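Residue numbers (this note's numbering), protein chains in the order written: chain A, 1 to 136; chain B, 1 to 233.
Where hints are given, some of them may not hold.
Taking CB as the label site, the calculated pair distances span [unchecked claim]:
{"id": "1", "chain 1": "B", "residue 1": "Ala-56", "chain 2": "A", "residue 2": "Gly-22", "range": "50 to 58 Å"}
{"id": "2", "chain 1": "A", "residue 1": "Glu-78", "chain 2": "B", "residue 2": "His-201", "range": "44 to 52 Å"}
{"id": "3", "chain 1": "A", "residue 1": "Ala-69", "chain 2": "B", "residue 2": "His-201", "range": "49 to 57 Å"}
{"id": "4", "chain 1": "A", "residue 1": "Thr-71", "chain 2": "B", "residue 2": "Asn-203", "range": "49 to 57 Å"}
{"id": "5", "chain 1": "A", "residue 1": "Thr-71", "chain 2": "B", "residue 2": "Ala-130", "range": "50 to 58 Å"}
{"id": "6", "chain 1": "B", "residue 1": "Arg-66", "chain 2": "A", "residue 2": "Ala-98", "range": "47 to 55 Å"}
Here are the simulated DSS-like cross-link-like pairs (lysine-lysine), alpha carbons at most 30 Å apart as the crow flies [said to hold, decoys possible]:
{"id": "7", "chain 1": "A", "residue 1": "Lys-107", "chain 2": "A", "residue 2": "Lys-18"}
{"id": "8", "chain 1": "A", "residue 1": "Lys-5", "chain 2": "A", "residue 2": "Lys-18"}
{"id": "9", "chain 1": "A", "residue 1": "Lys-18", "chain 2": "B", "residue 2": "Lys-223"}
{"id": "10", "chain 1": "A", "residue 1": "Lys-117", "chain 2": "B", "residue 2": "Lys-223"}
{"id": "11", "chain 1": "B", "residue 1": "Lys-223", "chain 2": "A", "residue 2": "Lys-112"}
{"id": "12", "chain 1": "A", "residue 1": "Lys-5", "chain 2": "A", "residue 2": "Lys-107"}
{"id": "13", "chain 1": "A", "residue 1": "Lys-112", "chain 2": "A", "residue 2": "Lys-5"}
Bear in mind the hints are in silico, worked out from the structure with no lab data behind them. Bear in mind the structure is a predicted one, so any value in this text is a computation, not a measurement. In this text, a Cβ means the ideal position worked out from N, Cα and C, and glycines have one as well.
Chain residues, written in single-letter form:
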Amino acid sequence: MIDSKDTLAIRRREVAAKVIDGEAILINLSTGQYYSMGDVGGRVWSLIEQSCNSEGIATAIAAEYDVPAATAAADVAELVAELAAENLIETNGAVGGATPVARSSSKAAYSKPALSKFSDMAEIFAMDPPLPGLAQ
Amino acid sequence: MSEPSYSGLVTCVIPVFNGERYLAEALDSVLAQTHSPIEIIVVDDGSTDGTPDVLAGYGGDVRSVRQANAGPAAARNRGVADARGEYLAFLDSDDLWALSKTEVQLRRFASHPGLSVCTSLMQNFWVDLADEEARMKDTEVARPQAGPSQTLMVRRAAFDRVGPFDPTLRHRDAHDWLVRARAAGLQFGQVNEVLVRRRLHANNLSRSRGAGDTDDLFAILRKKLAARDALGR
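Chain B with its partners taken away, still in its complex shape (with noise of 0.2 Å):
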């Protein structure tokens, strides 16, 4: 039996903010896809760096957007809006798509209709740390792991059921988004596959150690069991 055929525009949005070092790899990464077409739209979270020379280097092939800084969760409501695929997917401006993600991901979507997410495997990768590469080469950070936004692909439909991403995370915006998604009933899938490589350098690395990350989780948290206790538990 063959597969099941797949199609369907593909929406890729990319906030970025100062990430003209690693942008270009990262839509690369996207332009090189398996799949076409993919409409691609940067949105520029107003930087103050080379990144708005880098998109220009892209022409038409990339959609840019700038705005006043906001943090990415609302870079990527941003990006949604002016989106016109019937999937969306996420990318940020230091990591890399495997080849092959979106492919994948839709053909995933062709042969399960129900399917409203679909996330993958990422794995990351270190650049000018060879320090902290060597510390963490034996341990979980450097095997692939399930990857919130960077894997994420979702049926726009299902997105707006959802709504946006909350702009007052800005580090596990996605986390948030994907707990409200599971709340709200839509079925997921998980390709067991390493789609994304993400990055890691000195710029986010120490952001991610910053107390605002686990701090995010607790308000996901929180909302979580508030809703609990509003339903009498």
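This is chain A alone, in the form it adopts within the complex (with noise of 0.2 Å):
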């Protein structure tokens, strides 16, 4: 159970994942599946890769989008648990996390963030993965 101050961490031994016009696109290597995440969910990946906490990627997205805190909040702390059910991230054991650097202006509608799974091409992504890195 991922508790809304831990530090999130992305499982980069085992996911690849691209931020592209928004849209989160992730890849579990050892599994094949592949995941997509648009709009509020790539904003709040792209907060994870920044190794903030659920509660200020809560704070930062009540803050850019139109949407109650209460919701922004309950929101975030859904979606986390399912990537963390999907094993896509983890938490590094430190409470905190970085402070999420807030994005400009005025607020963008709303939308609740949502993971969809993609199993149809899972044996085929799954071949060959990129070989670990020296550093890892």
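Got two chains here, separate frames each, mind docking them using the hints?
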């Protein structure tokens, strides 16, 4: 169970991820399953990449999107739990995390972040995964 | 009941770029297959080393074509264009086929008439990288794993339905091709035997660790996701 103050981290040994045009595309290299999260979800992922915690992410989402803080907190907690259940993220044991760098200006329209999961090409994407880096 | 008999000409396409050091071993592993004949087409992708000399040593056993450097996918496509086989198979110039590879896969095709695409397991081995080998000894990297292009055998007609490898992908063209083949509804089968040994050495290791490798995977996924969006999800 991930606490809202736990620093979040991507499981980089098994997960390759990239945010392209605001959409986060994730591959679990050990299962070959892939995922996408658009818009708000993409923003949440980029904040996880910055080693934030759920609380900080929810605060940033509430500041950047037209959504009540309580809704943002509940939605972020739900998404974080789902990402953890899919073995895409973990906590690194530390409490705290980076303070999100807020994006500017007016609030964007909000839609609840959703993780789309695809298993249709799993055995292909699990083939010959990228070699682990020497540093790992 | 006896196993169904198998037959059919197989073309093995080998792209090579500056592969003088290991090319002969790769070719020998094809020439020594328990199944014959196999048409071998090597596409020299603009090598500047002694690759042409290695090829010359094989005389008529190997057909070679030379092109300006265009990457492995383009080279594989060039080889396919010249192939006369009913089946296409691929090998990289530093890797080795198990001696029974062609026979085992042809038998699989013979016993599964609807099969279009047959892959197998491969296993990595290390050359001149003792530290690396020791570090990876007990990891997934050292264990048999499903392999893409080097293990692939495909019916020529099925290949043509899917189309050529995407030459813009320098690392993952085989993954992309398999994704397209799956999307086209082709039937896949995997032989759960190690039929390919992939050599890891300083050159291909540094290349594999470059950003281009995972970038190719994301490029494939973006195409997939765009196709999904076009269908209105």
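Evaluation of the provided hints:
At about 54 Å, the CB distance of Ala-56 of chain B to Gly-22 of chain A agrees with the hint of 50 to 58 Å. The hinted range of 44 to 52 Å is satisfied by Glu-78 of chain A and His-201 of chain B, whose Cβ atoms lie roughly 47 Å apart. As the Cβ distance of Ala-69 of chain A to His-201 of chain B is approximately 55 Å, the hint placing it in 49 to 57 Å holds. Checking the proposed 49 to 57 Å range against Thr-71 of chain A and Asn-203 of chain B shows it holds: the Cβ atoms sit about 53 Å from each other.
The supplied range of 50 to 58 Å is met by Thr-71 of chain A and Ala-130 of chain B, whose beta-carbon atoms lie about 57 Å from each other. Distance hint check: the CB atoms of Arg-66 of chain B and Ala-98 of chain A are about 53 Å apart, consistent with the given range 47 to 55 Å. A threshold of 30 Å between alpha carbons decides the hint, and for Lys-107 of chain A with Lys-18 of chain A the separation of about 24 Å falls inside it, so the pair holds. At roughly 24 Å between alpha-carbon atoms, Lys-5 of chain A and Lys-18 of chain A fall within 30 Å of each other, so this suggested pair holds.
Pair hint Lys-18 of chain A plus Lys-223 of chain B holds up; C-alpha atoms about 14 Å apart against a cutoff of 30 Å. For the given pair, Lys-117 of chain A sits about 16 Å from Lys-223 of chain B by alpha-carbon distance, which is consistent with the 30 Å threshold. Of the supplied pair hints, the one linking Lys-223 of chain B and Lys-112 of chain A holds, its CA atoms being roughly 25 Å apart against a limit of 30 Å. Between Lys-5 of chain A and Lys-107 of chain A, the direct Cα distance comes to roughly 25 Å. Compliance with the 30 Å bound is thereby established for this hinted pair.
Distance hint between Lys-112 of chain A and Lys-5 of chain A is fulfilled; the C-alpha atoms sit about 21 Å from each other, no more than 30 Å.
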